[in-house]
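Chemist: Could you use the hints to bring the two separately framed chains together as a complex?
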Amino acid sequence: AQSVTQLDSQVPVFEEAPVELRCNYSSSVSVYLFWYVQYPNQGLQLLLKYLSGSTLVKGINGFEAEFNKSQTSFHLRKPSVHISDTAEYFCAVSEANTGGFKTIFGAGTRLFVKA
Amino acid sequence: NAGVTQTPKFRILKIGQSMTLQCTQDMNHNYMYWYRQDPGMGLKLIYYSVGAGITDKGEVPNGYNVSRSTTEDFPLRLELAAPSQTSVYFCASRGQEAYGYTFGSGTRLTVV
Numbered sequence: 001a002q003s004v005t006q007l008d009s010q011v012p013v014f015e016e017a018p019v020e021l022r023c024n025y026s027s028s029v030s031v032y033l034f035w036y037v038q039y040p041n042q043g044l045q046l047l048l049k050y051l052s053g054s055t056l057v058k059g060i061n062g063f064e065a066e067f068n069k070s071q072t073s074f075h076l077r078k079p080s081v082h083i084s085d086t087a088e089y090f091c092a093v094s095e096a097n098t099g100g101f102k103t104i105f106g107a108g109t110r111l112f113v114k115a
Numbered sequence: 001n002a003g004v005t006q007t008p009k010f011r012i013l014k015i016g017q018s019m020t021l022q023c024t025q026d027m028n029h030n031y032m033y034w035y036r037q038d039p040g041m042g043l044k045l046i047y048y049s050v051g052a053g054i055t056d057k058g059e060v061p062n063g064y065n066v067s068r069s070t071t072e073d074f075p076l077r078l079e080l081a082a083p084s085q086t087s088v089y090f091c092a093s094r095g096q097e098a099y100g101y102t103f104g105s106g107t108r109l110t111v112v
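Going line by line, the protein sequences match chains H and D.
The letter at position 99 of the first sequence is residue 99 when you use my numbering, and the numbering goes up by one with no holes.
The letter at position 28 of the second sequence is residue 28 when you use my numbering, and the numbering goes up by one with no holes.
There could be a bad hint or two in this list.
[Claimed, not checked] In silico EDC-like pairs for lysine to aspartate or glutamate, Cα to Cα no more than 20 Å straight-line:
{"#": "1", "chain 1": "H", "residue 1": "Lys102", "chain 2": "D", "residue 2": "Asp56"}
{"#": "2", "chain 1": "H", "residue 1": "Lys102", "chain 2": "D", "residue 2": "Glu79"}
{"#": "3", "chain 1": "H", "residue 1": "Lys69", "chain 2": "H", "residue 2": "Glu88"}
{"#": "4", "chain 1": "D", "residue 1": "Lys57", "chain 2": "H", "residue 2": "Glu64"}
{"#": "5", "chain 1": "D", "residue 1": "Lys14", "chain 2": "D", "residue 2": "Glu79"}
Simulated from the structure, these hints should not be mistaken for laboratory data.
For reference, chain D alone in the conformation it holds in the complex (with noise of 0.2 Å):
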């Protein structure tokens, strides 16, 4: 019963540095996402993917990358790190027939 599973939970980078958010998911859902949330802004989409292989760019995809070779997986990378960057990212899924994401506890990630 684990259902959206991201780490790690909090991680603090310096400037130019990079690392990947990673996102697992075992309710066998194809649709996976990628938010961020900023205070007072509500949820931005960065990236989604429809199935294994398929991805697409949302509202603010710049300075990211994600891929999808699995059903299950679906990680976030950030190659350049940026404090504009300094968020809370969240992964959501959700099922062909479900209307409705299930998301997970979120990454809190600061860059200074």
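This is chain H alone, in the form it adopts within the complex (with noise of 0.2 Å):
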């Protein structure tokens, strides 16, 4: 069975410094992983997303996220966030063996951007 554990639950962070989100999954197969994010009484939006072949993966808002297959890790980092980037984010795994159409979510990560 597969899962994923989101490292830390809230992160505090100034405006224009960076930031890195950890991620890190488990499963016995093959997997697609992906970022959501979602902002205050909002549902989720897809940030990013691994399915295959470069492990440096580039989404929207500036955000990028590393596959590392041998830490079973996919880390999503901004090399500069803004206030508007506060919002909870979600990693999430789903098994690529079976097309991947079921998703696993982490319990989310709060990024709180602070002038």
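Modeler: Structural data, given as structure tokens:
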């Protein structure tokens, strides 16, 4: 069975500073990996996804993530955050051998960007 | 350009009442899902469907039922509401070749 762990429940950071949100996963088969963002009182929005190929994935709003198979990690990074990046971020994993139609979500990391 | 539409946005139920959360999508997606979101717990899969007429249980199906009579609609039914069902419910969909979900804006349900 697959699982996903987000290592930080909350991450406070100052505006224009870099940020990394950490995600580890567990699976016995190949996986697809995702990061979603949820702004207050809204649904989740896909930030980026890793399906295969290059391990560095670029997404919307200047975010990127790196797939590390040996460490089973998929950390999300942004070199300079804005106040508007304040939101909850979810890492998610699905199994590639089933076509990825079932996805497991992490518990979420709340990013606070301070002025 | 509606995507996934959920109604209602908010609802308060009394214990033992029943209700249906509506979800419809206009993207001709085969896969549809219902998740519940509780603070600090992430999203838990309640039910999912891989096409019209086909549904299956997720991680936390107890107390819920679904149907999928059309590609567009995937309603979630609560028969006997309990306080443990207080949560935010999200419907999502995915196309056959698309990886990653499109989510609705959610239904916030309180059972008192």
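Chemist: Could you run down the list of hints and mark each one as holding or not?
Modeler: A quick look at each hint next to the structure:
no.	hint	result
1	H:Lys102 - D:Asp56	holds, 11 Å
2	H:Lys102 - D:Glu79	violated, 25 Å
3	H:Lys69 - H:Glu88	violated, 25 Å
4	D:Lys57 - H:Glu64	violated, 33 Å
5	D:Lys14 - D:Glu79	holds, 12 Å
When the structure is compared with the earlier hints, violations turn up for hints 2, 3 and 4 and for no others.
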